[in-house]
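Please model the complete structure; the sequences and the hints are all you need to start from.
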Amino acid sequence: AQSVTQPDIHITVSEGASLELRCNYSYGATPYLFWYVQSPGQGLQLLLKYFSGDTLVQGIKGFEAEFKRSQSSFNLRKPSVHWSDAAEYFCAVGAPGSARQLTFGSGTQLTVLP
Amino acid sequence: DAGVIQSPRHEVTEMGQEVTLRCKPISGHNSLFWYRQTMMRGLELLIYFNNNVPIDDSGMPEDRFSAKMPNASFSTLKIQPSEPRDSAVYFCASSFPAGASYEQYFGPGTRLTVT
Chain A
1 AQSVTQPDIH
11 ITVSEGASLE
21 LRCNYSYGAT
31 PYLFWYVQSP
41 GQGLQLLLKY
51 FSGDTLVQGI
61 KGFEAEFKRS
71 QSSFNLRKPS
81 VHWSDAAEYF
91 CAVGAPGSAR
101 QLTFGSGTQL
111 TVLP
Chain B
1001 DAGVIQSPRH
1011 EVTEMGQEVT
1021 LRCKPISGHN
1031 SLFWYRQTMM
1041 RGLELLIYFN
1051 NNVPIDDSGM
1061 PEDRFSAKMP
1071 NASFSTLKIQ
1081 PSEPRDSAVY
1091 FCASSFPAGA
1101 SYEQYFGPGT
1111 RLTVT
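Chains as they are written, first to last, in this note's numbering: chain A, 1 to 114; chain B, 1001 to 1115.
Any given hint could be a false lead.
Beta-carbon label-pair distances, calculated as ranges [stated by the list, open to error]:
(1) B/Lys1078 with A/Gly53: 17 to 27 Å
(2) B/Phe1074 with A/Gln58: 17 to 27 Å
(3) B/Met1040 with A/Glu66: 44 to 54 Å
The calculated EDC-like cross-link candidates involving lysine to aspartate or glutamate, where the alpha carbons are at most 20 Å apart (straight line), are [claimed, not checked]:
(4) A/Lys61 with B/Glu1103
(5) B/Lys1068 with B/Glu1044
(6) A/Lys68 with A/Asp85
(7) A/Lys49 with B/Glu1103
(8) A/Lys49 with A/Glu15
(9) B/Lys1078 with B/Glu1018
FYI, nobody ran anything at the bench for these hints, they're computed from the structure.
Note that beta-carbon positions come from the ideal geometry of N, C-alpha and C, so glycine has one too.
So this is what it looks like as structure tokens:
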């Protein structure tokens, strides 16, 4: 079974600073990987996804993530954070095959300082 | 297109009462997922359906919880009787049929408070 670890529970950055949120997965082959964002009182919104091909994927709102097979990681990055990026971010992994469920990490809460 | 629709958005009920949460998936999606989110346990998958058939209900906490999907456009999650520890935000999500597209589209959630 696959698993996901987000080692940072809470991260604080200043507006305009760069951001990197960590995600490590455990799976025997190349999984499907996702980043979701949840604003307060809202559902989860898909930021980006990786299935195959180019290991650097671009998403919405200026986010990108890089799949590194050797490190079993799929870290989320943004070069310049905006105050509106304050939210909780979830990494998720799906196992290619018949099962369609995703396994979510515990989330990283992002605070943006003015 | 409308996204996933959940109702009610907020529900406050007393312990012992029956609670029914409703979900309308995105039209054309054939997989539907029910999640529960709490501070203590994070986001937990309760059950998921494929083509209206329950595929995996191993996440359903106990017999007080039941879920149905009578047709492709409607699902319910029922708790009977409800307990204070059921207080959480319940999300419904739906997904495309077939292909490599596993991304799930989430509804806004139902915040349940059991007193």
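Do the hints match the structure? See the list:
no. : hint                               : verdict
1   : B/Lys1078 with A/Gly53: 17 to 27 Å : 42 Å, violated
2   : B/Phe1074 with A/Gln58: 17 to 27 Å : 35 Å, violated
3   : B/Met1040 with A/Glu66: 44 to 54 Å : 32 Å, violated
4   : A/Lys61 with B/Glu1103             : 18 Å, holds
5   : B/Lys1068 with B/Glu1044           : 18 Å, holds
6   : A/Lys68 with A/Asp85               : 24 Å, violated
7   : A/Lys49 with B/Glu1103             : 8 Å, holds
8   : A/Lys49 with A/Glu15               : 25 Å, violated
9   : B/Lys1078 with B/Glu1018           : 7 Å, holds
Figure legend: structure checked against the earlier numbered hints; hints not met, in rising order: 1, 2, 3, 6, 8.
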